[in-house]
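As given, the protein sequences belong to chains A and B, one line each in that order.
Anchor point for the first sequence: position 267 equals 271 in this note's numbering, and the numbering is continuous, going up by one each time.
Anchor point for the second sequence: position 205 equals 209 in this note's numbering, and the numbering is continuous, going up by one each time.
Everything labelled a hint here was simulated from the structure, so no lab data went into it.
Just so you know, not all the hints are guaranteed correct.
Any copy, or any two copies together, can satisfy a pair, since identical chains are not distinguished.
Capping the alpha-carbon separation at 30 Å, the derived lysine-lysine pairs in DSSO-like fashion look like this [unchecked claim]:
{"#": "1", "residue 1": "373", "residue 2": "173"}
{"#": "2", "residue 1": "295", "residue 2": "76"}
{"#": "3", "residue 1": "97", "residue 2": "74"}
{"#": "4", "residue 1": "76", "residue 2": "173"}
{"#": "5", "residue 1": "61", "residue 2": "173"}
{"#": "6", "residue 1": "372", "residue 2": "97"}
{"#": "7", "residue 1": "97", "residue 2": "76"}
{"#": "8", "residue 1": "39", "residue 2": "173"}
{"#": "9", "residue 1": "181", "residue 2": "76"}
{"#": "10", "residue 1": "74", "residue 2": "295"}
{"#": "11", "residue 1": "372", "residue 2": "295"}
{"#": "12", "residue 1": "372", "residue 2": "181"}
{"#": "13", "residue 1": "295", "residue 2": "173"}
{"#": "14", "residue 1": "372", "residue 2": "74"}
{"#": "15", "residue 1": "373", "residue 2": "97"}
{"#": "16", "residue 1": "97", "residue 2": "295"}
{"#": "17", "residue 1": "372", "residue 2": "76"}
{"#": "18", "residue 1": "373", "residue 2": "295"}
Protein chains: 2
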Amino acid sequence: MTDPNSTVLNLDWLISVDDHILEPPNLWVDRVAAKDRERAPHVELIDGMDYWVYDGKRYPSSGLSACAGKAKEEFSPEPLPYSEMRPGCYDAKARIEDMDRAGILASLCFPTITRFCGQLFMEASDREFGFEMLQHFNDWVVEEWCGAAPGRYIPLMLIPMWDPPLAAKEMERMAAKGVTAFAFSENPAPLGLPTIHDHGRYWDPVMAAANELRMVASMHVGSSSQVPQIAPDSPFMANLAWGAIRTSGAMLSWLFSGMFTRYPNLKIALSEGEIGWMPYFLERAEQVLDKQRYWVSRGQKFMDHATTDVDMDTLNIRELFRNHVYGCFIEDHHGIASLGEIGEDNIMCETDYPHSDSTWPNCITGVKKVIGHLPAETQYKLLRGNAEKLYRYTPAEPPSRLNG
Amino acid sequence: MTDPNSTVLNLDWLISVDDHILEPPNLWVDRVAAKDRERAPHVELIDGMDYWVYDGKRYPSSGLSACAGKAKEEFSPEPLPYSEMRPGCYDAKARIEDMDRAGILASLCFPTITRFCGQLFMEASDREFGFEMLQHFNDWVVEEWCGAAPGRYIPLMLIPMWDPPLAAKEMERMAAKGVTAFAFSENPAPLGLPTIHDHGRYWDPVMAAANELRMVASMHVGSSSQVPQIAPDSPFMANLAWGAIRTSGAMLSWLFSGMFTRYPNLKIALSEGEIGWMPYFLERAEQVLDKQRYWVSRGQKFMDHATTDVDMDTLNIRELFRNHVYGCFIEDHHGIASLGEIGEDNIMCETDYPHSDSTWPNCITGVKKVIGHLPAETQYKLLRGNAEKLYRYTPAEPPSRLNG
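Okay, chain A solo, but in the shape it has when bound (with noise of 0.2 Å):
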């Protein structure tokens, strides 16, 4: 990692701890065996679009994937064909050229046809063979993405959501390739499977993988496939606005389910999550947990999961939040703002590229917007120094800049 004492602080570049990978189409062809190429991933051109093919169903791509470099007028959910994306969408090297342009030292990428947690796998009629595919995702990604741009990109893993002794195996795998990230969902119980308050302990192989190799638990607002809604009929732009419920409801969940007692290593990302709500929930946490455990701990017989066997008495929200938990933003003033409240140490900045939210390409002017005025130790912690920690990371020294 930098020592940010060595030197001046360089505050002209960040890292981004939340973009987007659209897998180029050969991803899974080019690794297969030549007889599976057809039940692999792949893309196929159906009446001038392409689509993913796989376990027979068809996935186009939406417009709102790959918005880089399009005006906001312009973002369309409409099926787009590789061909009319910005290739830094898919290719490694030319999104290098987009990073530099855009002050992006290092990024971790979430994928998209796999979905941000590997659904695509864990729904497909053949776990077995979706198990491989995976597999081969996992290694493209060190290999290929990462590979095409030493100290440029964070590798982040997928895992078997359905199977956790195998998905603790498949970390250990990764680990040694240096692999420090894993991406898991912010909610499964709307995928189907045990939450992390399961009472069998469904997810302790994958948690305890964690701890031992130290590798982040990263979920995605949206992880869960679940899109908000206030009501059946609320305006589209409500629910968006209202998409952080998903990320805070994932914190609490968190926060009150032991793991962390459990798990002493373990560390969970909040990616694209924003933190702005932080401030609020702790407190909520908090006083909650002052003055209703009583009669929460007492109520068992009249509630559904009125207790855990985590002990409330000891139960420490802020000293959790500050060791475990991490969040990220782009714009979010009032988050930085009540930067005090969350905590210096635990914040990250992310550009989201190429979605519809992204900056880009004006993530690092984007950014020293919202943060410029804050002391240059804070500055860099929150750039790149936060990052560099949490996911053990040591970028590339930042290049000459040829195309800002």
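With the hints as your guide, set chain B onto chain A.
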């Protein structure tokens, strides 16, 4: 309304815009014809416990509805007979003594057995009779509860949620008696009712009446009869801390509903919803509106509810909030720290007597701990000025405090 410039500001008393009445057992029995006494909501002693009996169902009072005077260690959800409640729970004169002791100058109370917006009568098998009972409640609130101590209680009426034209008439009837607030639902959808986005404009008679009569739509958290649940087995404490997702959803629904444009006098009060979540969700709403409205407008054919009849190009989130939305707090330090972002004219305080969130008997001292560092004029607005203005209410002169 008290003129804050006329004198040295009295910061020793507050107006609470969210407290609770446990209806006295004889409320309806005393008002209906003799033949209806068994049919009206009434209390029966069954196996040593008081139950409200109505429409063939029995309802005990939860101990959590009557915590006043108890230490937090004693709070309990177990059923509680009236004889074990603090008289201030159900007796308007006894309540005044408790208010005097805690520095509560005036109080707006939500009902209990009727539920927060009169769901009891809506769900009854005979809604015509239910409406009679609802009218008795409204008359009782004005005549007996508020009448017991003029200038100390702000009346809140119920409306027949199932019949908006009838509701409008009832609002007119009660407005003539000085009522300036009606209970509405934070989200009518889970109650089986059309939402405020209903294309058939189900709620127009109510909102037109509120606009005309300048009545505040007061939505208590939980008035959708929904209990937030992060996942089916998420710890109860996590769900409890997550409660504001209902209020935040309500705020966003209203801001994007177009209601405030159609009814410019309409104001909504989010009761017991706290305020610390507001700045984030307001900023997020502005951001999605700025950046995503083009594709959302264009995306109609790809999504349900992608569009509303609201003109998103002219929608001003902050202005709508400032002119129409009111929140209140008990101990929300983050909300008060963010008051500059929320606006000091939109926030009131509450004491939640006699529920488990209440700080009683330390209400005024509790609020002063949170706001005491603010300028006197700001404190005055939060303590009472904003409530007086919103509810067009002039409280009695503060009594000399006897019990403090």
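Determine which of the earlier numbered hints do not hold for this structure and return their numbers in increasing order.
-> Violated: hints 1, 4, 9, 12 and 13.
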